[in-house]
Amino acid sequence: MVTEEIRNLVKRKDVDYLEVRFEDGSETSVSISGKEVESVSKGRISGGNARVLIAGIWGFVYFNDIKELKEKIESAISQAKTLKGTVKEVVKLAPVKSVEAITSAKVLKDPESVSLKDKVDLLRHYSDIALGVDSKIVNTRVMYNERKKTLYFVNSEGTYIKKDVLDFGGGIMPMSSNGKEIQRTYVTFGSDSDFSVAENLDGEIKGKALLSVKLLDADVPKGGEFPVIVDHDLGGVFIHEAFGHLSEADFLAEDPKMREIMKIGSVFSSKILNVFDTGDIEGHRGTLLYDDEGVPTKKTYLIKEGVLSSHLHNRETAGKMGEEMTGNGRAVNYKFPPIPRMRITCIENGKDKFEDFVKDIKYGVYARNSFGGQTNGELFTFVSENAYLIENGKITKLLKNVSLSGNVFETLKNIVGIADDFKINDSGGGCGKGDQKPLPVSEGSPHLYISKAIIGGK
Amino acid sequence: MEEKFLQIMKQRGLSGELMEVKVYKFSVNFENNRFKSIEEGETSGIAVRLKKNNKLGLSYSTNSEDIEGTVQHAYENADVSQEVNFDFAGPSNVPDTLCFDRDIENLDRNEIVNTGKENIDFIGSLREGVQGFFSMSKEIVSERILTTEGFSGKYNKSILSSQMGGVDAQEGNFLWVFGEIGRASKNLLDIGILREKIKKNFKDAEKNVKIESGKYTVIFTPFSVGYLLLPFQFAFNARNVVKGTSILKDKLNQEVFSKNLTIINDPLLPHGIATAAFDDEGVPSERKDLVFRGKPVNYLTDLFSANKLNLKPGNASRGLSTSPVPSSANILIEPGNEKLKDILKVKKGIIIESLMGVQMGNVNGGEVTGNIELGYLIENGEIAGRVKDAMISLNIMDALKDIVLSEETIWTDFLLSPYILIPNASISTKS
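Chains A and B, in that order, give the protein sequences. Each residue of the first sequence is one higher than the one before, starting from 1 at the first, in the numbering used here. Each residue of the second sequence is one higher than the one before, starting from 1 at the first, in the numbering used here.
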């Protein structure tokens with residue numbers, strides 16, 4: 001696909017930097033609602049882009065047909081030259097050794113080894129299981145998405161990388177109703193290499209369908225600020241949403257106030273907290289050897305024993321901030337340039353016991369499983385699928401519609417316990433930043449004990 | 001291309017639909033108070049839906065020439081898909097629409113860059129140390145739909161949109177201000193509306209105030225009314241009505257909301273960003289009341305759900321790679337009788353500018369719960385300051401029973417809305 005001719009095309013002397021990415025692949029998706037298979041689709045996607053840097057200005061042009069590459073490179077150069085000379089601070093990309101590499105994930109069970117019919121039958125079976133649990137399960141939403149593509153990367157510094165990439169994920173959402181309200185729960189799966197994570201989910205789906213019915217009669221929480229225990233799923237979403245995004249250096253590099261707030265060495269929490277982002281744990285959504293700028297991935301500690309120790313960089317932000325590259329330059333597809341994004345973001349295992357957290361709380365909330373979250377750098381919100389009230393050291397009533405919120409910096413300081421039951425969660429969706437979604441990522445955490453967070457309630 | 005598709009379908013004895021989309025996008029981006037990048041892209045593709053023994057198959061490709069291969073993929077998928085009873089769209093007269101403006105197509109790179117420079121300087125002047133951002137993009141979309149049942153239609157659309165805002169990240173007090181507008185007409189895109197909003201937001205947030213948990217009067221601005229509409233996206237979706245998961249199932253023509261509330265879905269609104277002559281299944285567009293004086297009166301339909309509920313289709317929306325589903329177009333909320341200045345004379349209330357996390361909550365169930373990212377306390381008609389560390393929680397089925405709407409409206413992107421006052425919403429805060 002990337003011929004000698006293309007490699008020669010990017011060797012330009014009249015630019016500071018030039019890269020070409022191209023992808024070619026296929027997508028499969030299935031959507032089931034209740035008893036009906038709403039859609040089964042297959043598609044072929046190919047497209048690429050040329051990105052060029054001249055005197056601090058980026059030109060970026062994307063296209064479908066590789067035959068147009070030569071003229072697209074010229075367009076990108078012309079775009080970048082538009083305001084040449086108007087930017088005082090010239091961007092210097094952090095230097096990286098040029099590489100030639102061909103990579104692919106170690107596939108354990110290829111989704112393509114399972115026929116489309118068998119996949120649809122499996123998903124229908126899951127939907128039927130949920131529907132059969134109770135007459136109050138009025139519907140299900142079952143989704144499955146699979147992407148297989150070959151990515152080609154070549155730049156003006158001599159790097160050439162070909163990556164075979166697999167990513168798939170899905171979810172089963174049982175929906176209950178009593179005629180007045182709707183409740184839902186969610187079972188998700190995802191991987192970059194092993195279809196077996198989508199198999200044998202019957203028990204989990206039954207349990208979640210039953211929970212969705214129970215939620216109809218659950219109490220709504222009392223609103224206010226309370227001690228909260230979050231499970232590994234919500235702990236992962238918290239660290240991704242609340243702290244991971246804040247660590248992405250495009251938000252920091254040119255803002256002196258943010259750089260001061262996120263200064264390496266600042267104390268962010270008590271010594272019990274360690275947070276890292278990595279691409280090197282095999283088998284997860286977010287596993288990668290090289291990022292989309294050809295930078296090798298590595299494990300990056302964001303917080304070590306409570307102290308801020310690194311940011312997440314692409315080459316531009318690492319260059320601007322004079323810091324080491326971390327291999328976080330990622331683009332969701334050929335229509336976008338690589339920006340600092342997370343991979344597998346985790347809170348490291350602690351030494352505490354979940355049971356001791358419960359015993360310690362007089363009145364609080366145990367929030368479980370996540371429907372996602374949102375942050376603006378300082379404030380965050382995430383929504384739990386289900387929750388329990390904790391009264392006098394015991395887990396008591398089931399709660400529904402529980403949203404948690406807080407200030408990132410205060411909440412990190414309010415983490416007073418970290419359990420020893422770490423788990424990584426590969427959800428079926430992905431991370432969104434601007435228009436770039438869904439990017440495959442995963443999160444991990446043990447149970448966390450947060451001394452106070454705001455619960456939205458009546 | 002049309003002939004080739006029809007010929008292949010005829011040869012194979014299939015009924016089907018071909019969608020062809022071309023998108024050209026050009027955007028100019030300013031970040032951190034400076035010019036950052038220019039991005040340009042041109043993409044195209046085709047999607048085929050077909051029925052094989054009444055089973056529906058779907059496929060798509062970014063190679064628009066590959067009709068044969070795309071039909072074959074859809075044909076293979078149909079075996080494992082479901083039977084449907086609807087027919088693809090037949091011949092019809094598509095209405096005239098105003099959604100293409102040659103001035104947008106011809107808009108020059110330098111003019112956009114200059115608009116950006118002017119606005120990024122404006123944002124920088126509003127507050128010391130603010131990091132401004134601005135982007136403007138023009139998008140030219142061409143969509144064509146063809147069916148074996150005899151529909152053939154094509155439209156071109158041009159959209160000019162702009163986002164601007166700024167962040168002031170002071171330790172312990174981040175302030176994000178943000179706004180977005182879009183039009184299918186260059187002359188109607190009034191960036192002045194955004195500038196005014198951003199300026200007022202920064203001014204009103206000069207100091208923070210503490211509030212207690214409790215019930216408050218809240219006022220949603222036309223820029224935040226979209227959060228109240230999120231549950232409607234589910235509730236009016238006729239597929240959810242078929243499945244029994246819409247909170248408005250069995251509620252048509254009943255008094256559910258305040259008599260002051262009328263919501264219209266209008267895909268024919270001149271110069272709207274969601275304006276189109278036909279929907280993504282080739283059904284001609286029509287204006288439709290969703291709520292009329294408090295009563296839900298229509299659902300949003302596609303061919304599948306319209307067939308099940310014996311209703312007219314016409315609200316299908318899809319991307320190239322996704323299946324059509326009912327979706328709203330331009331939404332108009334009818335204004336009320338109160339002047340905004342009178343609405344703002346509340347003794348104690350909160351103005352909501354933006355929320356976080358609402359879409360992850362139980363919007364299917366009508367819940368609007370989120371962190372107040374930007375909101376202000378009003379006391380005796382005066383802005384007292386910014387409210388932080390607070391969550392709002394309401395359910396539209398209760399909260400919209402008693403509302404007050406302003407005479408004044410603002411057209412943001414897909415939404416033309418007044419200010420909406422809700423007298424009794426739960427607010428939870430830090431102790």
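The hints are simulated quantities; they were obtained by calculation from the structure and are not laboratory data. Beta carbons are placed, not taken as given, at the ideal position from N, Cα and C, and that holds for glycine. A hint or two may mislead.
[Unchecked claim] Just so you have them, the derived chain B footprint on chain A, three or more residues with Cβ under 8 Å:
#1 53–67
#2 300–307
#3 343–357
#4 413–427
#5 434–445
[Unchecked claim] Subject to a maximum C-alpha distance of 20 Å in a straight line, what follows is the list of computed SDA-like cross-link-like pairs (lysine to any residue):
#6 A:Lys452 x A:Val416
#7 A:Lys222 x B:Gly214
#8 A:Lys180 x B:Gly214
#9 B:Lys430 x A:Tyr363
#10 A:Lys109 x A:Gly25
#11 A:Lys335 x B:Ser137
Against the 20 Å threshold, does the CA-CA distance of Lys335 of chain A and Ser137 of chain B hold or violate the hint?
holds (15 Å)
Below or equal to 20 Å on CA atoms is what counts here, so check Lys430 of chain B against Tyr363 of chain A.
holds (16 Å)
Checking C-beta pairs, does the region 343–357 of chain A have three or more residues closer than 8 Å to chain B?
As far as the region 343–357 of chain A goes, the hint is violated, because 0 residues have Cβ atoms under 8 Å from chain B.
Would you mind confirming whether the straight-line C-alpha gap from Lys222 of chain A to Gly214 of chain B stays at or under 20 Å?
holds (11 Å)
Whether chain B covers the region 53–67 of chain A (at least 3 residues having a Cβ closer than 8 Å to its Cβ atoms):
holds (count 8)
Please verify whether Lys180 of chain A and Gly214 of chain B have alpha carbons no more than 20 Å apart.
violated (25 Å)
So if I understand the rule, the pair passes when the alpha-carbon distance is 20 Å or less; does Lys452 of chain A with Val416 of chain A pass?
Holds, at about 10 Å.
Apply the coverage criterion to the region 434–445 of chain A and chain B: a residue qualifies when its Cβ sits closer than 8 Å to a Cβ of the chain, and three qualifying residues are needed.
Since three or more residues must qualify, the claim that chain B covers the region 434–445 of chain A is violated, with 0 doing so at under 8 Å.
Three or more residues of the region 300–307 of chain A near chain B by CB distance under 8 Å?
Contact hint for the region 300–307 of chain A vs chain B: violated, 0 residues under 8 Å.
Mind checking, does the region 413–427 of chain A have 3 or more residues with a CB under 8 Å from chain B?
violated (count 0)
Need the status of pair Lys109 of chain A, Gly25 of chain A: alpha-carbon distance at most 20 Å?
With Cα atoms ~19 Å apart, Lys109 of chain A and Gly25 of chain A stay inside 20 Å; holds.
In this structure, the hints that do not hold are numbers 2, 3, 4, 5, 8, in rising order.
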